[in-house]
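Go ahead and model the full structure; you've got the sequences and the hints to work with.
Residue numbers (our numbering), protein chains in the order written: chain A, 374 to 489; chain S, 890 to 1002.
Don't read these hints as lab results, they were simulated from the structure.
Don't take every hint at face value.
Which chain A residues stay away from chain S? Per the calculated CB distances, all over 12 Å, these [unchecked claim]: (1) R382; (2) S406; (3) P456; (4) S467.
Among the chain A residues that face chain S by a calculated CB cut under 7 Å, a handful are [unchecked claim]: (5) T393; (6) G415; (7) L416; (8) G436; (9) E477; (10) F480; (11) E482; (12) G483.
Between beta-carbon pairs, the in silico distance windows are [as the list claims (entries may be wrong)]: (13) K390(A) / R961(S): 48 to 58 Å; (14) S969(S) / S455(A): 25 to 35 Å; (15) I999(S) / T378(A): 26 to 36 Å; (16) K391(A) / R961(S): 45 to 55 Å; (17) G413(A) / S931(S): 44 to 54 Å.
No residue lacks a Cβ here, since even glycine has one placed at the ideal position from N, Cα and C.
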Amino acid sequence: EAQVTQNPRYLITVTGKKLTVTCSQNMNHEYMSWYRQDPGLGLRQIYYSMNVEVTDKGDVPEGYKVSRKEKRNFPLILESPSPNQTSLYFCASSFGGLADNTGELFFGEGSRLTVL
Amino acid sequence: AQKITQTQPGMFVQEKEAVTLDCTYDTSDPSYGLFWYKQPSSGEMIFLIYQGSYDQQNATEGRYSLNFQKARKSANLVISASQLGDSAMYFCAMRESADQLIWGAGTKLIIKP
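Put into structure tokens, the structure is as follows:
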């Protein structure tokens, strides 16, 4: 089944404790992206990647890191989480960049993170 | 300035009625794309429909259609014959640059039986 898989789905952590949210897709997509969703703000892009070893900042990259060592994986790293990073996080992927086709993004199920 | 505006935070609609969800956008780029996504209470994001700025006809996908009025910069989603399962958050988004989507704040739609 074609899918984007995120883990963990739910996580409660404390300020300053490094964490990684994994994202994996099995559709051979080149483009992958991370979003955070907060009430009243819609989705905001954190980082995106056009291909292996290519990553770029989105609108809200502060406090996050990413890597793209393999095509299928795009982990999101919070080196020192803070309470303002409490949010719902989505990983998404598509075949090419958004301009290459309809740009339909395939989303993971979301990871709800709480930082105390 | 808001690039994507969804003016209806919430809507109640009677089952089987048609629904129009508003979306206005702001861009100076002649080439752009507009998307609608549905987010049920379970949280996943479901792609509904896409409209390119150069598309001559309004996009349709089953019960979903996009009322694209370029001069007004609006891209309203129309759901015909609403069903209880249509209750969800609906997001409008715009692809302006090649690799970024800009999202509206969403509209919560509740279908009443």
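Interface hint outcome for G483(A) [beta carbon to chain S under 7 Å] = holds, 5 Å
26 to 36 Å as the expected CB spacing between T378(A) and I999(S), which holds or is violated = Once the Cβ atoms are compared, 30 Å apart, the range 26 to 36 Å for T378(A) and I999(S) holds.
Could you check if T393(A) really has its C-beta closer than 7 Å to a C-beta on chain S?
-> At about 21 Å, which exceeds the 7 Å cut-off, the nearest Cβ of chain S leaves the hint on T393(A) violated.
May I ask you to test the interface hint for E477(A) with respect to chain S, counting a Cβ-Cβ separation under 7 Å as satisfied?
-> holds, 5 Å
K391(A) and R961(S), beta-carbon distance inside 45 to 55 Å?
-> With a Cβ separation near 48 Å, K391(A) and R961(S) satisfy 45 to 55 Å, so the hint holds.
Assessment of proposed distance window 44 to 54 Å (beta carbons of G413(A), S931(S)) = For G413(A) and S931(S) the Cβ distance comes to about 20 Å; the hint is violated.
Was R382(A) rightly flagged as not at the interface, with every chain S Cβ beyond 12 Å?
-> R382(A) not clear of chain S: closest Cβ-Cβ about 9 Å, inside 12 Å.
Go ahead and decide if the range 48 to 58 Å is satisfied by the Cβ distance of K390(A) to R961(S).
-> holds, 49 Å
Can we keep the L416(A) interface hint, with Cβ of chain S closer than 7 Å?
-> holds, 4 Å
Hint check: 7 Å Cβ-Cβ cutoff, G415(A) to chain S | holds, 4 Å
Does F480(A) pass the interface hint, meaning its C-beta sits closer than 7 Å to a C-beta of chain S?
-> holds, 4 Å
Assertion that P456(A) lies outside the chain S interface [Cβ separation over 12 Å] | holds, 21 Å
Comparing the model with each numbered hint stated earlier shows that hints 1, 2, 4, 5, 8, 14, 17 do not hold.
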